[in-house]
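Chains as they are written, first to last, in my numbering: chain A, 1 to 396; chain B, 1 to 396.
Hints are computed from structural coordinates only; laboratory data are not their basis.
All residues carry an ideal CB built from backbone N, CA and C; glycine is no exception.
Some hints could be false.
To be verified - To spell it out: a stretch of chain A is covered by chain B in this simulated footprint if at least three of its residues, at any positions, have a beta carbon under 8 Å from a beta carbon of chain B; those stretches are: (1) 296 to 310; (2) 316 to 326; (3) 330 to 344.
What the hints assert, rightly or not - Chain A is nowhere near these chain B residues, computed Cβ spacing over 10 Å in every case: (4) G44; (5) A59; (6) V163; (7) R317; (8) E351.
Number of protein chains: 2
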Amino acid sequence: MSQPTENSPAPEGITTPAGFSAAGVAAGLKSTGANDVVVVRNQGPQFAAAAVFTSNRVAAAPVHWSRQVIADGRADAVVLNSGGANACTGPEGFANTHRTAEHAAEALGVSAGDVLVCSTGLIGEQLPMDKLLPGVSAAVEALAATPEAGMAAATGIMTTDTVPKHGARHGSGYAIGGIAKGAGMLAPALATMLVVLTTDAELDAAELDGALRAATALSFDRADSDGCMSTNDTVVLLASGASGVRPDLQEFTAELTGLCQELAKGLIDDAEGAQHTITVRTFNAASEADALEVSRAVSRSNLVKTAIFGRDPNWGRVLSEVGTTAAAFEPEQLNVSINGVQVCRNGGVGEDRSLVQFSGREVAIDIDLNAGSAEASILTNDLTHDYVHENSAYSS
Amino acid sequence: MSQPTENSPAPEGITTPAGFSAAGVAAGLKSTGANDVVVVRNQGPQFAAAAVFTSNRVAAAPVHWSRQVIADGRADAVVLNSGGANACTGPEGFANTHRTAEHAAEALGVSAGDVLVCSTGLIGEQLPMDKLLPGVSAAVEALAATPEAGMAAATGIMTTDTVPKHGARHGSGYAIGGIAKGAGMLAPALATMLVVLTTDAELDAAELDGALRAATALSFDRADSDGCMSTNDTVVLLASGASGVRPDLQEFTAELTGLCQELAKGLIDDAEGAQHTITVRTFNAASEADALEVSRAVSRSNLVKTAIFGRDPNWGRVLSEVGTTAAAFEPEQLNVSINGVQVCRNGGVGEDRSLVQFSGREVAIDIDLNAGSAEASILTNDLTHDYVHENSAYSS
Numbered sequence: 001m002s003q004p005t006e007n008s009p010a011p012e013g014i015t016t017p018a019g020f021s022a023a024g025v026a027a028g029l030k031s032t033g034a035n036d037v038v039v040v041r042n043q044g045p046q047f048a049a050a051a052v053f054t055s056n057r058v059a060a061a062p063v064h065w066s067r068q069v070i071a072d073g074r075a076d077a078v079v080l081n082s083g084g085a086n087a088c089t090g091p092e093g094f095a096n097t098h099r100t101a102e103h104a105a106e107a108l109g110v111s112a113g114d115v116l117v118c119s120t121g122l123i124g125e126q127l128p129m130d131k132l133l134p135g136v137s138a139a140v141e142a143l144a145a146t147p148e149a150g151m152a153a154a155t156g157i158m159t160t161d162t163v164p165k166h167g168a169r170h171g172s173g174y175a176i177g178g179i180a181k182g183a184g185m186l187a188p189a190l191a192t193m194l195v196v197l198t199t200d201a202e203l204d205a206a207e208l209d210g211a212l213r214a215a216t217a218l219s220f221d222r223a224d225s226d227g228c229m230s231t232n233d234t235v236v237l238l239a240s241g242a243s244g245v246r247p248d249l250q251e252f253t254a255e256l257t258g259l260c261q262e263l264a265k266g267l268i269d270d271a272e273g274a275q276h277t278i279t280v281r282t283f284n285a286a287s288e289a290d291a292l293e294v295s296r297a298v299s300r301s302n303l304v305k306t307a308i309f310g311r312d313p314n315w316g317r318v319l320s321e322v323g324t325t326a327a328a329f330e331p332e333q334l335n336v337s338i339n340g341v342q343v344c345r346n347g348g349v350g351e352d353r354s355l356v357q358f359s360g361r362e363v364a365i366d367i368d369l370n371a372g373s374a375e376a377s378i379l380t381n382d383l384t385h386d387y388v389h390e391n392s393a394y395s396s
Numbered sequence: 001m002s003q004p005t006e007n008s009p010a011p012e013g014i015t016t017p018a019g020f021s022a023a024g025v026a027a028g029l030k031s032t033g034a035n036d037v038v039v040v041r042n043q044g045p046q047f048a049a050a051a052v053f054t055s056n057r058v059a060a061a062p063v064h065w066s067r068q069v070i071a072d073g074r075a076d077a078v079v080l081n082s083g084g085a086n087a088c089t090g091p092e093g094f095a096n097t098h099r100t101a102e103h104a105a106e107a108l109g110v111s112a113g114d115v116l117v118c119s120t121g122l123i124g125e126q127l128p129m130d131k132l133l134p135g136v137s138a139a140v141e142a143l144a145a146t147p148e149a150g151m152a153a154a155t156g157i158m159t160t161d162t163v164p165k166h167g168a169r170h171g172s173g174y175a176i177g178g179i180a181k182g183a184g185m186l187a188p189a190l191a192t193m194l195v196v197l198t199t200d201a202e203l204d205a206a207e208l209d210g211a212l213r214a215a216t217a218l219s220f221d222r223a224d225s226d227g228c229m230s231t232n233d234t235v236v237l238l239a240s241g242a243s244g245v246r247p248d249l250q251e252f253t254a255e256l257t258g259l260c261q262e263l264a265k266g267l268i269d270d271a272e273g274a275q276h277t278i279t280v281r282t283f284n285a286a287s288e289a290d291a292l293e294v295s296r297a298v299s300r301s302n303l304v305k306t307a308i309f310g311r312d313p314n315w316g317r318v319l320s321e322v323g324t325t326a327a328a329f330e331p332e333q334l335n336v337s338i339n340g341v342q343v344c345r346n347g348g349v350g351e352d353r354s355l356v357q358f359s360g361r362e363v364a365i366d367i368d369l370n371a372g373s374a375e376a377s378i379l380t381n382d383l384t385h386d387y388v389h390e391n392s393a394y395s396s
């Protein structure tokens with residue numbers, strides 16, 4: 001995800017598949033003057049779409065709106081803004097989302113009922129519509145199918161992200177592209193995460209929905225930065241059919257899953273204040289559900305996360321989290337490895353903890369339940385001074 | 001819980017009720033030379049006892065031992081050590097707990113099967129028995145029924161605690177005393193918390209058990225510092241009957257509950273790195289269970305806890321946690337007050353957030369679910385740089 005240099009290939013993203021244009025502009029919602037309004041347009045010939053949303057019951061206005069838009073399986077465009085979540089903003093907030101969709105629809109010559117809206121930023125403040133609507137107009141004007149336009153969109157949805165997240169995959173005769181944002185309030189049933197995925201494959205809405213749910217279950221749903229579930233999470237998949245290729249659905253789902261995992265990794269790699277990306281893998285579990293429960297419990301432990309920040313192979317904190325779960329295991333049969341060193345064996349002291357190296361960003365915690373053959377991983381990050389700093393100062 | 005000065009009354013604690021002696025000595029388990037081995041002895045004439053333990057399935061050796069000891073409702077003494085949790089230490093760890101109980105029993109002239117053992121400190125290391133056993137002998141030698149001996153016991157169980165926690169209540173002709181430790185890994189189903197409670201009232205083991213469970217449910221079980229459940233939590237209640245008074249059970253339970261709440265407050269007030277003690281109260285709930293679920297979810301949010309550290313009345317983070325629960329409520333009927341200012345009204349913007357004052361240590365978050373008349377509170381603390389520092393450096 002590095003920036004392209006003069007000789008590097010153009011960055012891949014949502015404009016990599018045929019049939020999509022994008023734009024990101026600065027409308028003044030962010031005080032920094034950075035891009036903050038984004039439009040992604042599906043130019044067809046097909047307009048199938050699917051989306052998954054936060055399961056938070058306190059959902060933002062754009063989530064309520066977009067749930068209605070996606071119900072018929074068609075979307076022509078997505079409007080996204082950073083600089084304000086439009087959550088907990090009451091009827092006025094919903095009216096503002098509605099106005100945004102209508103404004104974009106008019107400029108694009110489509111129906112407002114086919115325009116998805118996503119917002120991200122601080123909760124509980126009304127969006128400055130006097131800035132947002134001109135921004136939408138400017139973004140529609142700037143729409144282009146170029147890599148640069150895709151990158152402008154990737155940067156326009158950033159909040160506390162330090163790098164844009166984007167990527168693409170190439171199937172047999174078709175492509176899938178995507179952009180993502182999210183660095184805090186990241187937790188399953190998604191996160192403060194906005195993701196737009198595009199493909200030029202020919203697929204109907206039901207096929208897209210099935211592929212998207214399968215892909216998010218193995219990617220964004222298994223990224224857990226700080227255990228906090230957002231009000232605004234949205235992952236959208238748009239299909240233009242412009243390649244004229246009807247893909248093998250299994251291949252498509254695999255490629256989509258790979259792209260979503262790459263983007264999810266990008267989110268955790270850039271999580272607020274994090275110095276380590278931690279893969280908590282539970283194996284030899286009686287079921288995948290058991291493995292997930294254990295990995296998730298460990299990945300949410302502040303004591304584990306501060307230990308990793310301190311480069312401390314404190315396996316006791318791992319075991320004490322495993323012990324809070326309902327997974328099948330016997331305490332005296334648990335093994336834990338940290339970065340390949342089996343520091344806990346049979347529920348007790350294993351290899352010398354001083355052998356554990358913390359040289360790189362990646363940390364692997366492997367938990368052997370000795371109770372079966374299933375496994376699952378959760379991707380998380382350490383808890384650092386910078387996380388506390390960023391989140392104690394965010395709204396002030 | 002301030003230190004006594006020359007003219008202040010003697011501190012109250014586990015030696016306040018008649019029939020108990022205590023001691024705390026330095027045996028060298030702590031590198032600082034502070035007290036680290038404690039014995040509390042019930043001198044009778046009665047020896048009824050009850051205890052509650054961590055529900056963590058990875059329980060420490062002393063928890064396994066003490067569960068057996070308490071099964072018959074009798075305990076003559078408690079041996080406690082800081083400087084090592086004796087958790088995840090395998091058969092050798094259990095044998096060490098057994099040896100500790102036998103060593104103490106011999107010195108006290110009682111049965112090892114009536115000696116409870118509690119340990120606290122780092123997980124995954126064997127206790128230095130060559131220091132611990134002489135420490136137990138020295139503590140038995142030093143047993144006294146004085147306030148000073150009670151204070152030595154209170155300091156002997158401290159780990160990262162900065163102040164000893166102790167207190168007493170006086171019922172109609174009897175007293176209840178207690179000491180407590182615990183500053184991190186504090187979460188319900190108790191915490192890395194060791195608590196010894198004593199009373200000179202005449203009560204049998206079943207009565208003590210009922211009173212203790214009722215009291216802990218409304219005190220230690222509602223203190224949640226960092227969401228991490230320990231392997232070692234133990235709360236013990238010993239009754240000597242030395243007052244000759246058979247108390248009204250309702251009064252006794254109320255007094256015991258009050259003492260436990262005072263000690264729980266002391267734990268959260270001294271939680272690792274905390275600058276604010278936060279009471280998360282949910283009211284107008286459809287049930288107490290709903291109120292508890294909401295208060296607990298909010299009290300475990302790192303984003304809420306960092307916001308309070310930053311003196312930021314960020315009610316959006318409160319609402320987004322409420323939205324993750326299954327409690328009965330309508331999002332547009334939620335109200336949230338922070339330190340008395342209703343910053344969120346009807347699920348949206350309420351009073352001006354700049355009115356919220358964060359002048360003292362106490363912070364009140366009051367959540368109105370508008371769904372009934374039940375309420376419950378959880379006591380927690382903010383997430384600070386010092387928490388990250390202490391917990392990234394603890395074992396190194």
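Verification of the supplied hints:
Remark: the segment 296 to 310 of chain A is confirmed as covered by chain B, as 8 of its residues place a Cβ nearer than 8 Å to a Cβ of that chain, reaching the required three. Counting residues of the segment 316 to 326 of chain A whose C-beta sits closer than 8 Å to any C-beta of chain B gives 9, which meets the bar of three, so the coverage hint holds. Under the rule that three or more residues need a Cβ within less than 8 Å of chain B, the assignment of the segment 330 to 344 of chain A holds, with 4 such residues. Every C-beta of chain A lies more than 10 Å from that of G44(B), the closest at about 36 Å, which supports listing it as non-interface.
Consistency note on A59(B): stated as away from chain A, yet its beta-carbon is not over 10 Å from all of that chain's, at 7 Å minimum. With a minimum CB-CB distance of about 22 Å to chain A, V163(B) clears the 10 Å threshold, and the non-interface call stands. At roughly 7 Å, the least C-beta separation between R317(B) and chain A is not larger than 10 Å, which violates its mark as non-interface. Every Cβ of chain A is farther than 10 Å from the Cβ of E351(B); the closest lies at roughly 12 Å, confirming the non-interface assignment.
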